[in-house]
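Student: Residues per chain, in single letters:
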Amino acid sequence: MSAAFTVDVCSRCGYAAYPPRILCPACGGAEWRRRRADSGMVEEVTVRRPVFKRRQLPWGNWLDQSETWLGSVRTDLGPVVVARVPESVKPGDRVRLHSQASTTIALPGHLAEATSFAPDGAPDAAAHDSAGRG
Amino acid sequence: MTDAVAIVGAAESAYVRHPEVERRTETFLAEAVVGALEDAGIHRDEVDGLGVSSFSLAPDHAIDFAWRMGMRLRWVMEDTNGGASGINLLQHAIRAIEAGDAETVVLCSGDRMEKREFHLMTDRYNRVSRDYLAPLPLNGPNALFSFLTQRHARANGLGREDYACVPIAQRAWAGRNPGAVYRAPMNLEEYMESVPIAPPLTRFDCVPIVSGGDAFVLTTRARAARQARPAVGIRGIRALFNHDQQDSDALTTGFAEIAGELWASAGARPEDLDAAYVYDDYPVMVVCQAVDLGLVQDGDLTRFLRGRLLEDQWPMNTSGGQLSAGQAGAAGGMHGLVEAITQLRGRAGERQVDGAELALVTGYGMVVYKHGACHNAAVLERLG
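Quick mapping for you: the protein sequence lines, in order, are chains A and B.
Residues in the first sequence are numbered consecutively from 1, following this note's numbering.
Residues in the second sequence are numbered consecutively from 135, following this note's numbering.
Since the hints were derived computationally from the structure, they do not count as laboratory data.
No experiment lies behind these values; they were computed from the predicted model shown.
Backbone N, C-alpha and C define an ideal beta-carbon position, used for all residues, glycine too.
Treat each hint with caution, since some may be false.
Claimed, not checked - With beta-carbon atoms standing in for the labels, derived distance ranges:
#	chain 1	residue 1	chain 2	residue 2	range
1	B	168	A	4	29 to 37 Å
2	A	99	B	234	34 to 42 Å
3	A	23	B	212	20 to 28 Å
4	B	391	A	23	20 to 28 Å
5	B	291	A	41	16 to 24 Å
Stated by the list, open to error - Simulated crosslink set (DMTMM-like; lysine to aspartate or glutamate; CA at most 20 Å straight-line):
#	chain 1	residue 1	chain 2	residue 2
6	B	249	A	67
7	A	90	A	76
8	B	249	B	383
9	A	90	B	154
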């Protein structure tokens with residue numbers, strides 16, 4: 001389950017915000033338009049090795065933790081997004097961002113949004129790849 | 135600068151990696167508070183102000199802790215700003231004493247921080263962590279500071295062996311601190327080969343998670359004079375929150391904006407310092423803060439890291455810092471203050487810095503999405 005990645009853009013001044021804000025940091029405006037922001041460039045990449053192999057989620061169940069490749073992605077609209085990335089991605093790569101509902105970790109009554117992305121031209125294969133990790 | 139207030143005692147409960155089940159957050163807070171009052175020679179019943187910072191005290195609050203401790207108060211507050219909580223509490227407590235709202239205030243921070251508490255803290259750190267980071271999954275800020283370290287290394291032409299100077303130099307100090315959890319000397323080879331956590335960050339770039347508490351006592355100058363014990367004054371204190379809206383690369387911190395005011399209000403210059411306590415959640419942040427606060431002469435990072443810190447063992451984070459002593463949750467925001475006070479009062483034992491009269495302490499933290507949003511700093515001096 002994945003959708004095009006979006007950010008909020010201030011209706012008054014055009015400031016692009018991610019994650020969402022209440023008032024615009026630039027002009028103080030309170031109205032936002034959701035805009036597609038699914039292309040960007042990777043700035044840094046790391047692989048997160050969990051401190052603890054297993055961990056208990058706030059609602060009691062246990063999650064086995066494995067390696068997660070993570071990247072810092074500057075979207076073409078401006079905001080920098082922390083995203084899960086395929087292992088093959090390197091700084092400087094152009095990528096496409098997706099919003100992904102993660103069923104394994106969704107909070108009760110709240111669908112958490114995870115982002116992952118794929119290199120341009122191969123969105124489906126890479127989305128599948130990253131969904132299988134972590 | 136304040137002429138009305140003095141710090142008269144400080145203590146830290148021993149930091150432990152795996153506390154016994156019966157030792158709860160309030161146990162560590164209480165040990166630190168009792169220790170600080172003993173250090174000050176002040177009885178509990180003279181305390182009329184209490185400030186608390188803790189991630190894991192819930193569902194209790196400062197008032198519940200006060201009741202458990204049998205404290206009658208005229209001033210109480212709680213602070214939630216993590217790495218900046220100690221100095222934030224101090225800033226408020228100074229004003230309370232100056233205004234006459236309280237005469238003698240105890241400030242404390244601490245957490246029982248085992249696996250379960252750690253994950254509760256990181257997953258529910260804030261709404262953004264819960265909704266945008268934890269599901270990646272990313273819990274805790276290691277990967278975010280890996281990104282920041284990579285940016286900093288690229289911009290300044292530094293390598294892992296440069297950032298290594300911070301934990302290695304601090305480890306040498308930790309060897310003289312019986313309260314530090316890592317005390318064995320560390321060399322460059324051990325650092326370079328340590329377990330990767332979020333490359334380029336390894337185990338020794340990340341604070342060991344511990345349980346513990348810190349506390350200190352402040353009162354009026356008049357009351358302090360009656361104690362006939364060493365006291366510490368506050369020469370300057372400045373804070374800045376959310377200065378960049380999380381939009382910058384964070385290589386320049388909020389300290390750059392407040393450094394001038396801080397030094398002017400303190401009537402001091404960075405070169406006057408005898409010691410510095412720079413918030414050390416990650417080596418890169420020590421470097422960024424040191425630059426922005428004017429501790430790096432001519433901006434020469436290599437000379438600062440390899441020469442001043444490593445070879446000269448200039449007194450920075452003389453407890454070993456959080457990187458060697460450990461981070462006991464919110465106590466991380468008070469650890470540097472307690473060590474600075476202990477040094478300025480001449481009570482640091484084997485690691486005592488000779489002639490320590492003027493010290494800088496910084497607080498940094500509360501990652502709202504990509505990096506810390508809270509910055510504060512205080513210049514402290516030995517009185518009398």
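Student: Given a hinted range of 16 to 24 Å, is it respected by the beta-carbon distance of residue 291(B) and residue 41(A)?
Tutor: holds (22 Å)
Student: Between residue 391(B) and residue 23(A), does the beta-carbon spacing fit 20 to 28 Å?
Tutor: The hint (20 to 28 Å, Cβ to Cβ) holds, given that residue 391(B) and residue 23(A) are roughly 22 Å apart.
Student: Is it true that the CA of residue 90(A) sits at most 20 Å from the CA of residue 76(A)?
Tutor: holds (17 Å)
Student: For the pair residue 99(A) and residue 234(B), does the Cβ-Cβ distance stay inside 34 to 42 Å?
Tutor: violated (54 Å)
Student: Is it true that the CA of residue 249(B) sits at most 20 Å from the CA of residue 383(B)?
Tutor: violated (31 Å)
Student: Does the alpha-carbon distance linking residue 90(A) and residue 154(B) stay inside the 20 Å limit?
Tutor: Distance ~45 Å between residue 90(A) and residue 154(B) Cα, so the pair is violated.
Student: Are the Cα atoms of residue 249(B) and residue 67(A) separated by 20 Å or less?
Tutor: holds (18 Å)
Student: Are residue 168(B) and residue 4(A) spaced within 29 to 37 Å by their CB atoms?
Tutor: For residue 4(A) against residue 168(B), whose Cβ atoms are near 58 Å apart, the range 29 to 37 Å is violated.
Student: Take a look at whether the Cβ-Cβ distance between residue 23(A) and residue 212(B) falls inside 20 to 28 Å.
Tutor: Check passed, 26 Å falls within 20 to 28 Å.
In terms of the numbered hints stated before, the structure departs from hints 1, 2, 8, 9, listed from lowest to highest.
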